[in-house]
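Chemist: Chains as they are written, first to last, in our numbering: chain A, 1 to 420; chain B, 1 to 83.
These are calculated hints, taken from the structure and not from any lab test.
Straight-line distance between alpha carbons at most 16 Å, and here's what the computed EDC-like set of lysine to aspartate or glutamate pairs gives:
#, chain 1, residue 1, chain 2, residue 2
1, A, Lys312, A, Glu322
2, A, Lys264, A, Asp228
3, A, Lys95, B, Glu67
4, B, Lys10, A, Glu356
5, A, Lys289, B, Glu37
6, A, Lys241, A, Glu270
7, B, Lys65, A, Asp400
8, A, Lys95, B, Glu68
9, A, Lys293, B, Glu37
10, A, Lys258, A, Asp230
11, A, Lys95, A, Asp145
12, A, Lys38, A, Glu21
13, A, Lys241, B, Glu37
14, A, Lys312, A, Asp324
15, B, Lys41, A, Glu327
16, B, Lys9, A, Glu356
17, A, Lys15, A, Glu310
18, A, Lys285, B, Glu37
19, B, Lys42, A, Glu327
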Amino acid sequence: MFIVQMSFGLFLRFKPDFDIEAVYQGAIEWVQTGTFAKYYDYYYHFPNNLGAMTFLHFFFSIASFLGFEDYFLVGMIVNSILSILTMMVVSLILKHISGAKQAVFALVIFAVYLPFYFIAPVFYTDSLSMLFPVLFYYLYLKLKDTSYNKKFFLICILMGLAASIGMKIKFTVVIMVIAVAIDMFINSNWKKAISANAVVCSVILICFAVFNVYIYSYHLDRERARQDNDPYVHWVMMGLKGSGGYNPDDYLFTRSFKDPDERKAAIIQEIKRRISEYGPDGMFKFLTKKSVKCFGDGTFGLDDFLADREDKNVLHSFVISEGDKYELYRHICEAILFTLMLFMVLLALKYFFSKEKNIYLAPLVAVFGIFLFLLGWEANRRYFTNFVPVIIVYAVLGIDYFQLLVKKFGTSVLKIAKKS
Amino acid sequence: MISRINNFKKFLVYMFCAFFSVCFSYLLVNILFNNAEYNYKKLGLSFYIFAAVYLLTYAYIRLRKIEEFLTRHYKKIYYHFYV
Chain A
1 MFIVQMSFGL
11 FLRFKPDFDI
21 EAVYQGAIEW
31 VQTGTFAKYY
41 DYYYHFPNNL
51 GAMTFLHFFF
61 SIASFLGFED
71 YFLVGMIVNS
81 ILSILTMMVV
91 SLILKHISGA
101 KQAVFALVIF
111 AVYLPFYFIA
121 PVFYTDSLSM
131 LFPVLFYYLY
141 LKLKDTSYNK
151 KFFLICILMG
161 LAASIGMKIK
171 FTVVIMVIAV
181 AIDMFINSNW
191 KKAISANAVV
201 CSVILICFAV
211 FNVYIYSYHL
221 DRERARQDND
231 PYVHWVMMGL
241 KGSGGYNPDD
251 YLFTRSFKDP
261 DERKAAIIQE
271 IKRRISEYGP
281 DGMFKFLTKK
291 SVKCFGDGTF
301 GLDDFLADRE
311 DKNVLHSFVI
321 SEGDKYELYR
331 HICEAILFTL
341 MLFMVLLALK
351 YFFSKEKNIY
361 LAPLVAVFGI
371 FLFLLGWEAN
381 RRYFTNFVPV
391 IIVYAVLGID
401 YFQLLVKKFG
411 TSVLKIAKKS
Chain B
1 MISRINNFKK
11 FLVYMFCAFF
21 SVCFSYLLVN
31 ILFNNAEYNY
41 KKLGLSFYIF
51 AAVYLLTYAY
61 IRLRKIEEFL
71 TRHYKKIYYH
81 FYV
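Construct the complete structure from the given sequences, taking the supplied hints into account.
Modeler: Structure representation (structure tokens):
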């Protein structure tokens with residue numbers, strides 16, 4: 001997989017633009033000059049990408065120390081290794097839960113899910129954070145088997161570190177942290193759940209505090225950041241217009257207010273206005289459309305990045321929207337994603353109908369959490385990418401039930417045929 | 001008291017599973033039949049979905065037949081896949 005990803009990656013190299021440019025070039029500038037001053041303006045508005053830039057900066061620094069200067073290749077290698085680690089962790093989770101057969105089947109799914117072959121050059125937050133939700137869940141499964149001793153606390157600390165890094169790269173990783181906390185309180189004893197959550201939350205708080213103190217002491221000015229930050233409600237507001245996607249007019253609206261409190265109040269007012277304009281029925285229809293926009297594309301939106309290159313080759317004809325084979329590619333990708341979600345729904349149905357005692361609740365809560373979050377946030381087909389491995393875990397568990405249903409259906413059809 | 005709490009927890013989990021199934025089934029139906037955003041060819045997408053379901057299930061059944069082999073050689077398969 002690594003060899004294939006890297007070979008395709010070399011053919012798909014592109015010139016990073018917009019947000020990924022700030023992350024990539026900012027990290028390079030930081031390595032070469034000790035600051036990312038050219039991008040300070042960007043990070044005053046979008047501090048959410050500071051984590052991804054710092055993450056890349058760490059690896060670029062190692063590469064620079066070793067005398068390596070092709071940073072794009074470094075980013076690609078890091079992203080490829082992360083995606084491969086994701087596959088390893090998903091396979092290990094299934095080995096732990098179910099057995100070798102399911103673990104190998106997860107590898108089969110990764111092998112047929114085409115975007116995983118092209119993901120290496122797209123080292124943006126969606127793919128960089130893909131490992132962390134499943135890693136956090138894997139550590140939780142290990143924690144469940146551990147008695148209350150030193151190892152228990154060591155795993156909690158590792159969980160906290162995995163969550164912190166993941167959340168710094170893309171904050172949606174917090175959904176898995178919440179899902180695991182809910183699972184702990186439902187399936188473990190309260191004493192264990194409270195102490196584990198306390199350690200995990202403490203590690204996350206310490207990591208966030210250290211990171212923020214460093215960034216706002218050595219690079220950014222806290223007061224200016226407070227003035228310039230686009231408030232989180234801005235993305236909620238943007239998610240309520242048109243199809244819920246990116247909308248430049250909303251950026252103009254947000255930035256037309258100089259005072260941060262006034263800006264936030266104006267955005268909240270606008271959100272209320274848009275919600276009341278929809279009404280209950282309109283809102284339901286709108287959210288339906290938005291959920292399709294978020295989960296209806298299985299390509300991970302890689303072409304948003306891969307298209308930023310002038311000369312195109314045969315791979316581009318598949319992966320970018322102008323390519324003549326793109327229709328085929330996107331239909332196949334969506335069919336696989338659809339199938340995975342179908343198997344996931346079947347597992348939830350199995351849990352409901354057979355009243356199973358041993359329910360793996362956290363992945364289900366996490367997928368539902370990202371679904372709810374995306375209904376409220378700016379709609380984008382890329383934003384659920386880091387939860388696809390979680391969907392794969394559930395799909396593999398769900399295929400058993402699908403097979404059982406097919407068998408039952410087949411037997412009853414045969415019986416009817418025999419009778420007639 | 002504890003058994004009551006446990007029963008209530010179970011009830012909540014089962015209801016959540018049911019709600020989850022309803023929401024995602026609705027989403028899947030809309031992806032298939034009401035996808036103006038992406039404008040898929042319905043028949044084409046249905047064909048690919050059928051093929052994906054069939055092939056994945058077939059692959060899974062094949063794996064079941066060699067389960068013992070997989071259990072014995074899991075580590076080898078695991079490492080070879082990643083390289």
